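There are 2 protein chains.
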Amino acid sequence: MISVCLLGAGNVASHLFKALNNTENVTVVQWFNRDLKKISTDKNDVHITDNIDALKHADVYILAVSDDAIADLSTHLPFENRFVVHTSGSVNIYDMDKKNRRGVFYPLQTFSKNVPVTFKDVPICIEALDKNDLNTLKQLAESLGCSWYKINTEQRQTLHLSAVFVNNFTNQLYRIAHEISDAKSINFDILKPLILETARKVQETSPFMAQTGPAKRNDKKTIKKHLKLLENEQHKAIYELLTQSIKNTHGR
Amino acid sequence: MISVCLLGAGNVASHLFKALNNTENVTVVQWFNRDLKKISTDKNDVHITDNIDALKHADVYILAVSDDAIADLSTHLPFENRFVVHTSGSVNIYDMDKKNRRGVFYPLQTFSKNVPVTFKDVPICIEALDKNDLNTLKQLAESLGCSWYKINTEQRQTLHLSAVFVNNFTNQLYRIAHEISDAKSINFDILKPLILETARKVQETSPFMAQTGPAKRNDKKTIKKHLKLLENEQHKAIYELLTQSIKNTHGR
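Keeping their order, the protein sequence lines are chains U and E. Residue numbers for the first sequence follow my numbering, so the first one is 1 and each next one is one higher. Residue numbers for the second sequence follow my numbering, so the first one is 1 and each next one is one higher.
For the record, the hints were derived by calculation from the structure and aren't laboratory data. There may be inaccurate statements among the hints.
No copy labels: a pair is met if it fits in one copy or bridges any two.
20 Å max Cα-Cα, derived EDC-like pairs, lysine to aspartate or glutamate [to be verified]:
| hint | residue 1 | residue 2 |
| --- | --- | --- |
| 1 | Lys120 | Asp50 |
| 2 | Lys221 | Glu154 |
| 3 | Lys43 | Asp68 |
| 4 | Lys138 | Asp121 |
Treat the numbers as computed from the prediction; the structure is a model and nothing was measured.
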């Protein structure tokens with residue numbers, strides 16, 4: 001049995017709480033947040049507190065707070081030599097106060113309020129300075145049914161950057177397609193199966209192998225047509241830059 | 001019963017043949033291709049020919065050939081006043097020879113060799129100059145179990161452009177993430193659930209609502225960190241341009 005004390009009340013904290021609280025080999029002994037109101041709906045399921053000096057003993061303290069708050073919160077913990085992890089993709093493990101044993105438990109997924117997360121599909125990137133602590137994180141991930149990967153800080157920061165490309169930037173391309181089609185009274189639903197299939201394809205094929213389209217074929221006629229259709233200068237610039245990137249990748 | 005004569009042997013033609021040939025209310029009476037070898041594996045299931053003058057009578061002739069070949073093939077058809085459609089996202093309906101009744105049957109999906117397509121998930125964009133012909137295309141789409149949308153040429157060309165954004169460009173972002181993570185010996189599998197979830201999210205939420213991340217938050221510290229991590233100048237340019245695009249969309 002792993003006992004966990006959870007700190008924070010954002011999306012990651014809330015989803016983690018639900019998942020951990022429903023896991024057999026894990027007990028959430030306490031949930032801390034400075035603003036008690038944000039976690040009070042769960043007060044029947046877990047001991048909640050807004051008093052950092054009242055933190056109970058636990059095997060792992062999970063700081064699921066914003067990047068900027070991690071270092072500060074770690075210095076205010078009223079104990080030493082316990083195991084403390086953060087959940088951030090970009091914060092260095094050494095940014096936390098060394099008075100405790102340090103680690104990282106970074107779930108690589110996009111979390112939204114009110115959208116349930118199937119945790120077993122969430123890869124967990126784990127890091128710890130001590131072998132036993134690393135083991136604890138492995139067990140924690142496995143209890144949640146997650147795949148885990150041993151990832152150091154540099155790799156994790158690169159993953160976080162890669163996630164911006166496949167999540168934020170990809171979503172912005174969806175947004176641009178939405179704008180372009182809206183302008184011609186086209187139902188965005190028509191594009192949804194293609195969006196899904198594009199993501200599905202690279203589950204089994206490499207993105208390199210999956211590529212198709214005018215840029216890969218260096219089909220100048222279609223590219224010219226498309227650029228003429230684009231009215232927004234920034235959309236044009238994105239079209240040109242990504243077309244060039246595809247050409248470079250595929251040696252055109 | 002709708003009788004179809006299929007012309008061409010590319011990915012769209014091959015997938016269409018399989019789907020149409022397995023559909024109750026449709027008969028493929030003939031499959032034409034200039035190079036007979038490419039379609040000869042199906043010669044037991046359908047009459048095949050490489051002689052354009054030997055084309056049989058059919059309710060619909062589907063020209064599933066490359067964009068550049070459509071106009072020329074339409075002039076070489078040895079009959080008049082029959083219903084002829086192409087399957088292209090970008091070719092104008094009027095580019096086909098007017099000696100026949102013209103239409104478009106554009107399946108908006110990415111087709112790969114050897115990857116089976118679930119046709120009922122493929123939206124079909126239909127266009128025809130005659131009302132009865134439009135009806136034939138509706139029936140054809142419905143027989144395949146597809147959703148259909150009445151789309152004119154201008155809208156279809158815009159859809160084709162949008163498809164480049166959500167398919168080719170998105171896939172290139174996956175590719176860049178693959179390159180970046182490979183360079184740090186990170187398993188690309190870690191990013192796959194996020195890729196899928198990003199596509200799933202916009203099936204129900206608009207891309208505008210689904211957006212998260214440093215660009216939307218205008219988190220300058222993280223953006224600076226990311227730009228420092230990127231070694232390739234083109235990746236940097238793509239990061240900056242898409243970050244700016246997100247900021248513009250979300251009023252930052």
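Hint by hint, here is what the structure shows:
1. In this homomeric assembly, Lys120 and Asp50 never come within 20 Å of each other (Cα to Cα): the closest approach is 30 Å inside a single copy and 53 Å across copies.
2. For the homomeric pair Lys221 and Glu154, the shortest alpha-carbon distance between copies (17 Å) is at most 20 Å, but the shortest distance inside one copy (43 Å) is not.
3. In the homo-oligomer, the alpha carbons of Lys43 and Asp68 never lie at most 20 Å apart, since the shortest distance is 27 Å inside one protomer and 67 Å across protomers.
4. Taking the shortest alpha-carbon separations for Lys138 and Asp121, only the intra-copy value of 15 Å comes in at or below 20 Å, while the best inter-copy value is 39 Å.
Going through the hint list in order, the structure does not satisfy hints 1 and 3.
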